[in-house]
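Keeping their order, the protein sequence lines are chains A and B. Counting in the working numbering, the first sequence runs from 21 upward without gaps. Counting in the working numbering, the second sequence runs from 1147 upward without gaps.
It is possible that some hints are incorrect.
Said to hold, decoys possible - Ranges of calculated distance between the beta carbons of each label pair, as one might list FRET restraints:
no.	chain 1	residue 1	chain 2	residue 2	range
1	A	A119	B	A1189	51 to 59 Å
2	B	A1206	A	A79	31 to 39 Å
3	B	S1281	A	V266	15 to 23 Å
To be verified - Simulated pairs of lysine-lysine, DSBU-like, Cα-Cα distance not exceeding 35 Å:
no.	chain 1	residue 1	chain 2	residue 2
4	A	K217	A	K65
5	B	K1318	B	K1297
6	B	K1297	B	K1321
7	A	K217	B	K1321
8	B	K1318	B	K1283
9	B	K1306	A	K255
10	A	K255	A	K217
11	B	K1297	B	K1283
12	A	K255	B	K1283
13	B	K1318	A	K217
14	B	K1283	B	K1321
15	B	K1318	A	K255
16	B	K1283	B	K1306
17	B	K1318	B	K1306
18	B	K1321	B	K1306
19	A	K255	B	K1297
Claimed, not checked - Some chain A residues well away from chain B (every beta-carbon gap over 12 Å; in silico):
no.	residue
20	L29
21	S33
22	R39
23	Q73
24	A116
25	G138
26	V141
27	V149
28	G159
29	G185
30	R219
31	V234
32	P258
33	V266
Keep in mind that the hints were calculated from the coordinates and are not lab data. Remember, predicted model here, so these are calculated numbers, not experimental data. All C-beta atoms in this analysis are idealised placements derived from N, C-alpha and C, irrespective of residue type, glycine included.
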Amino acid sequence: MPADAQNPLILFSEALAERARLARPLVAGITTQGHRTRPGTVWRKDVVVASEQAFPDVAEARVSLADGRNLAAQVAGRDPGTNVIALRVDGVSDPAPLAAAEPQPGALALAFGADQIGLGVRLGVIHSVGPSWHSRAGGRIDRRITLDIALTRREEGGPVLDAAGGLLGISTLGPHGSVLVIPRSTVDAVLEPLLSKGRVERGWLGVAVQPVLVPETLQAAAGQSRGLMVMGVSKDGPAAQAAVHVGDILVAIGGESVTSSAMVAQRLGPDSVGRQVELRLIRAGQLLAFNATVGVRPPQ
Amino acid sequence: MIPSGAVAPNRLRVAVVASDAAMRSRLAEIIFECGHALVEVAAAPDALLTDGTADGTALASAVVLGDGEGDSAGLLPPDASAAQIDAALRAVAAGLTVRWPARQVPAFGSLPEEPPVLLTPREVEVLTAIGNGLSNKAAARQLGISPHTVKFHIESLFRKLGASSRAEAVAKGLKRQIVEF
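Just need the whole structure built from these sequences, with the hints factored in.
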């Protein structure tokens, strides 16, 4: 009926189904021994990525693709810091996903998954977009993109596309049922180390810290009102070797003021490993400086 | 529906569904260990034990080990003990639902947000001491201050953290903020 052909709702629906059809080559179904199929994202030639956090501790998997093939895959590396696991799957061609536009709150997004039945599609809007952030495991995520799409436990790790079909990143379950996107640029940044070394090395000092107020009498000397109190020191870690004590208040790393745990995480990115840094501390009412060599953050 | 018999029979008729032969024999062994009878799925079992990979998990009285979604009556970790599996089988046979406390939905989270109110180093020390279970007196001795001063700090901590108990203050002020680097 001509009238229906002009119906915007039908046009919208057809456009969405067309998007899903075009996205199909990006979606992989990953099966591991003893577990049901979970989604992954075909990232480039011979590489599939997925959500790391709930991925079983295995070395091998099977990957099923849009063209019906079911291929053997090896886990090449995993990074809890950015929640990315990389699988090497020989025989996968580059899906060459389109670049996504700058994400905007309110813009439509499609989250894709795969289970034993096949493709799964969910639709919603981008709920919020924020600046870069650090995960609890120390990884830097380029943007904080949340979706108003609900995913079940086994639906994370598939591609998230914008309305134009551009690849925003991969879906990830966040706290309190929220759904986040690990941006494409963040996955790209960890992929090389994951494929070559199996992990992403980040800096480590071997301290547990808690934000505190700098005592008023020392705020002028320290040049800041906040610092990070050392609550624990790992035996033989870089901080222990630099003679950092429990109770010290850390105020700067490498000449840069730190007033929050996020700022410490910033100073301890992958490029910090092996570097000599000056730790400025307040101890017993005095400002002191120690040199430490940044170590490699141990796996959790 | 809850079965009319109030007490579950001592010996249940349990079916096992598993992805492979090795898993199947492991689960069957647990059934025997618990003193239950192994029956076929088609034989209307009292309960079903599965590793969650095969069909049959939708059965009302299924206990799923490991990867189960929230629709099965029993969800247990993959490494559940025979005693836990036995208890779960009996529970689901009696029409109950079984979950394990550590079963968590994954949640990729950020570093803790900056707290709205910062504590002073002394307050953190006092909080650590009471978090270690010390009395005001013992905390005072450890920190080299008077019990009166400890009490003063605790009152300030309660006010800053909006806590009404020492445990709540420790949880709000300490545990949620400490990060390892």
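These are the hints, each one checked on the structure:
no. : hint                           : verdict
1   : A119(A) x A1189(B): 51 to 59 Å : holds, 58 Å
2   : A1206(B) x A79(A): 31 to 39 Å  : holds, 37 Å
3   : S1281(B) x V266(A): 15 to 23 Å : holds, 21 Å
4   : K217(A) x K65(A)               : holds, 18 Å
5   : K1318(B) x K1297(B)            : holds, 18 Å
6   : K1297(B) x K1321(B)            : holds, 21 Å
7   : K217(A) x K1321(B)             : holds, 34 Å
8   : K1318(B) x K1283(B)            : holds, 23 Å
9   : K1306(B) x K255(A)             : holds, 33 Å
10  : K255(A) x K217(A)              : holds, 26 Å
11  : K1297(B) x K1283(B)            : holds, 9 Å
12  : K255(A) x K1283(B)             : holds, 30 Å
13  : K1318(B) x K217(A)             : violated, 39 Å
14  : K1283(B) x K1321(B)            : holds, 23 Å
15  : K1318(B) x K255(A)             : holds, 27 Å
16  : K1283(B) x K1306(B)            : holds, 22 Å
17  : K1318(B) x K1306(B)            : holds, 10 Å
18  : K1321(B) x K1306(B)            : holds, 15 Å
19  : K255(A) x K1297(B)             : holds, 33 Å
20  : L29                            : holds, 32 Å
21  : S33                            : holds, 28 Å
22  : R39                            : holds, 26 Å
23  : Q73                            : violated, 4 Å
24  : A116                           : holds, 27 Å
25  : G138                           : holds, 17 Å
26  : V141                           : holds, 19 Å
27  : V149                           : holds, 15 Å
28  : G159                           : violated, 9 Å
29  : G185                           : holds, 25 Å
30  : R219                           : holds, 17 Å
31  : V234                           : violated, 8 Å
32  : P258                           : violated, 10 Å
33  : V266                           : violated, 9 Å
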